[in-house]
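Below, each chain spelled out in residue letters.
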Amino acid sequence: MKTFFSELFKKANSGFWPIFITLGLLIAGTISVYQNPRSLSAFLTLMLCPLLVYFMKINMKVKVFIGLLLIVVILPVLGIRNIFYLEVIFQMAVFAALALGLNIVIGMAGLLDLGYVAFYAVGAYTWAIFGSKQLSLLHSIPGAAPAGAEFALSPNYFWLFLFLGVGLAALAGILLGLPVLRLRGDYLAIVTLGFGEVIRVLALNLDKPINLTNGPQGITPIQRPPLPPEFILAPIRSLLTPIVGHVPTDAEFYNVFFYFLALIVIMIAILVATRLEDSRIGRAWTAIREDETAAIAMGIPLVKMKLAAFAAGASFAGGMGVLYAANRTFVSPETFSFLQSIGVLTMVILGGLGSIPGVIFGASAVVILNIQVLQNFSLYLSELRQSDAVIPIINFAWKDLSNQLDPAKYQKLVFGIILVVMMIFRPSGLIPAERRKRELVEDKE
Amino acid sequence: MKQFTSNPFYKFIIFPIGQILVFALGASLVLSLFTVLLAYIFRSAMTEFDLVERVLLILPQVVINGLTIGFVYSTIALGYTMVYGVLEFINFSHSEIFMVGGIVGVELMAYFDHTGALQTMNQYVIIALAILLGMVISGSLAVTVERVAYKPLRGAPRLVPLISAIGMSFFLQDAVRLILSLTTGEFNVILPNFGTFDEFLILAVPGIATPLRFQIKSILLVGVTVLMLVGLNYLVNGTKIGKAIRAVAQDRPSASLMGINVNMIISITFLIGGALGGAAGVLFALKATKLDPFVGFFPGLKAFTAAVLGGIGNLTGALLGGLILGLLESFSASYLSTFTNGAFGAEYKDIFAFAVLILVLILRPSGLLGQTVGQKA
Chain A
1 MKTFFSELFK KANSGFWPIF ITLGLLIAGT ISVYQNPRSL SAFLTLMLCP LLVYFMKINM
61 KVKVFIGLLL IVVILPVLGI RNIFYLEVIF QMAVFAALAL GLNIVIGMAG LLDLGYVAFY
121 AVGAYTWAIF GSKQLSLLHS IPGAAPAGAE FALSPNYFWL FLFLGVGLAA LAGILLGLPV
181 LRLRGDYLAI VTLGFGEVIR VLALNLDKPI NLTNGPQGIT PIQRPPLPPE FILAPIRSLL
241 TPIVGHVPTD AEFYNVFFYF LALIVIMIAI LVATRLEDSR IGRAWTAIRE DETAAIAMGI
301 PLVKMKLAAF AAGASFAGGM GVLYAANRTF VSPETFSFLQ SIGVLTMVIL GGLGSIPGVI
361 FGASAVVILN IQVLQNFSLY LSELRQSDAV IPIINFAWKD LSNQLDPAKY QKLVFGIILV
421 VMMIFRPSGL IPAERRKREL VEDKE
Chain B
1 MKQFTSNPFY KFIIFPIGQI LVFALGASLV LSLFTVLLAY IFRSAMTEFD LVERVLLILP
61 QVVINGLTIG FVYSTIALGY TMVYGVLEFI NFSHSEIFMV GGIVGVELMA YFDHTGALQT
121 MNQYVIIALA ILLGMVISGS LAVTVERVAY KPLRGAPRLV PLISAIGMSF FLQDAVRLIL
181 SLTTGEFNVI LPNFGTFDEF LILAVPGIAT PLRFQIKSIL LVGVTVLMLV GLNYLVNGTK
241 IGKAIRAVAQ DRPSASLMGI NVNMIISITF LIGGALGGAA GVLFALKATK LDPFVGFFPG
301 LKAFTAAVLG GIGNLTGALL GGLILGLLES FSASYLSTFT NGAFGAEYKD IFAFAVLILV
361 LILRPSGLLG QTVGQKA
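Here the protein sequences come in this chain order: A and B.
Positions 1 to 445 (our numbering) are the ones given, in order, by the first sequence.
Positions 1 to 377 (our numbering) are the ones given, in order, by the second sequence.
Each hint should be verified, as a subset may be incorrect.
Claimed, not checked - Restricting the straight-line Cα-Cα distance to at most 25 Å, the calculated cross-link-like pairs of lysine to any residue (SDA-like) are: (1) Lys217/B x Phe297/B; (2) Lys409/A x Ala355/B; (3) Lys208/A x Arg54/B; (4) Lys290/B x Leu339/A; (5) Lys208/A x Ser334/B; (6) Lys349/B x Asp406/A; (7) Lys409/A x Asp292/B; (8) Lys208/A x Thr340/B; (9) Lys349/B x Leu307/A; (10) Lys151/B x Phe425/A; (11) Lys290/B x Asp406/A; (12) Lys208/A x Ala355/B.
Hint data in this document are derived by calculation from the structure and do not stem from the laboratory.
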């Protein structure tokens, strides 16, 4: 059975077949999503395309072309047609960037960071405080905003703060790293976990003595950077109107805009990560990951290299945090819980520690699982609950099912199962890193 | 002297109780003195009221609260430290073992409430039954978790079992929530009201203006934990199983060569640690009166901090660390707002635990009572 499939895959992956299959799936997926914007299976079909593009043996240029076509043209257009997809792909992009950042810390340097979301929070709150009316509310009671509060900065400052967020998060990474990076791996995990909680508690409670974070209510509204000027938008709008079936609104343009921004961050993240991987620093990280003592003996400056990994990972989260705050126009401490840190960790573990395509795949898979599969399952259950259906043998009426049972709220269960199962059966992830693959092959010989 | 220490009565009963007393009194005294000293220093900064007087007014109550919660932390910390001693890995899901114990205990009492036995039976018998059930369920759960999620990973790189343990912790939280909401439709469990545990024992001490008030459940809590600590001390230092545990902790391959069944001993360690965690959970439930499946996170984290503070792998250290951490939490919760004039309040008490953890790890990574051994890679 297994050989049959591998033979089949080999046959499909030679000659002209890969292009046919990939393009066929791309077209079929696009049409089916276009026809049924609400269908989950149609969306999943379309999301299989990037995987095929990655695995099939196709000319590199064609690969890049198909990938760009999908990411830059098809997804945004379909997204404007059904705004929910835009949300899904935006979240995928955000978490892929976060996972890429965490991958540098865990996958490359082997430092387990359980409070990664803290750096994300640093970025988000940086823009949230300066990009909202919060600065003029510092001495008012949270919730009782006086009239006439002004935005402190013009929205154009967003671009500056994108870089400031990156810098501040990196700085936070270094400040946290300095005292704790001398510790052994498992202690480091707990300390970073504590740091994540400290940041969350601070965000929750710094509404007094001065109202910096507005406490549990969070900060809103936060300004967004201005859209490109109308003479660029107008032709796009008239071009898209017949395709998507309605005149695209500014809100939809904003979503596409942020999606592209997130894509740019991911591109930078991928570029940095790939360039780092085979650089002096990247090799130093690998050495540290594999054997610290040997790495020291080889003359690698341990603390400096670890700090670099921490700062590099944190900076991606910081940039993404600024982007997130602007996109949502709202931040609250709940977004930066321990659950989110473990969520990003799950993405990295699922895809493959140290593997860039793996991590992006892991982020996409977990996001789809979270906000599509589980949601659909929840809807299905609530439909069952309203129907008169009964489970036959044990004679259990669906009506009696507890309202508390909402699969969309059982993320922890899903993350937990993924983590344990991956660790036991496939610790190198679904798409293992090249280096690990090579190591595994060497082991077999 | 030799005769004195080899007498089992002294060695396993008097000595450990004395040790606990010394630790509890010493830690309380040091922290109290430090706080009063701080109050003296900042006395002139506060004009509306006398800081020292205000600090002294609630001091006895703060110490009592701190010791009560400190004993709970100690009991949980023992589970962390024992597993760390034997396997050298942080059993992240121990906080969930603790939570399961608490919920099982409360559910048993709720069941007694339902059948009406709660009002007729002796209240101490009910508590004892709840603790026993919590210990059995938590202990067996800990062993099961070890078999499923950790045993296949023995010998893997350090981070692998740790990630598996984090996954197990998340899984257990939501699994308990799932079971609770499927069976009762509600995932909060609330302790039924019974017996005289909420009443206070009032002790007027000459020389102190306000009489000391001991809540009966606090006394019960301290009593039971001390009993368990003494029992554990006997088990680890006085029996053959304890000797085997210590041997495995010291050198696993050699222990296995000496004919010790290492897997068995590891399971027993998890069983003991889990049972202690379960009992702590029931006692914690008595104090908290309301539990949900996520209640274990913070106590678990603090107990781990306590274990590190005392020197991880060291049982006495875990006891001392737990007491110190409980006191510290109680002091920061009560006095932070007094000292900062209301600017910062009790909500920052959780941060204190982490601050302590980071400070300990920087200044003395081997903990207060840990031996200064070289770091194993």
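Here is how each hint holds up against the structure:
no., hint, in the structure
1, Lys217/B x Phe297/B, "holds, 23 Å"
2, Lys409/A x Ala355/B, "violated, 32 Å"
3, Lys208/A x Arg54/B, "holds, 23 Å"
4, Lys290/B x Leu339/A, "holds, 22 Å"
5, Lys208/A x Ser334/B, "holds, 18 Å"
6, Lys349/B x Asp406/A, "violated, 33 Å"
7, Lys409/A x Asp292/B, "holds, 15 Å"
8, Lys208/A x Thr340/B, "holds, 12 Å"
9, Lys349/B x Leu307/A, "violated, 29 Å"
10, Lys151/B x Phe425/A, "holds, 13 Å"
11, Lys290/B x Asp406/A, "holds, 22 Å"
12, Lys208/A x Ala355/B, "holds, 21 Å"
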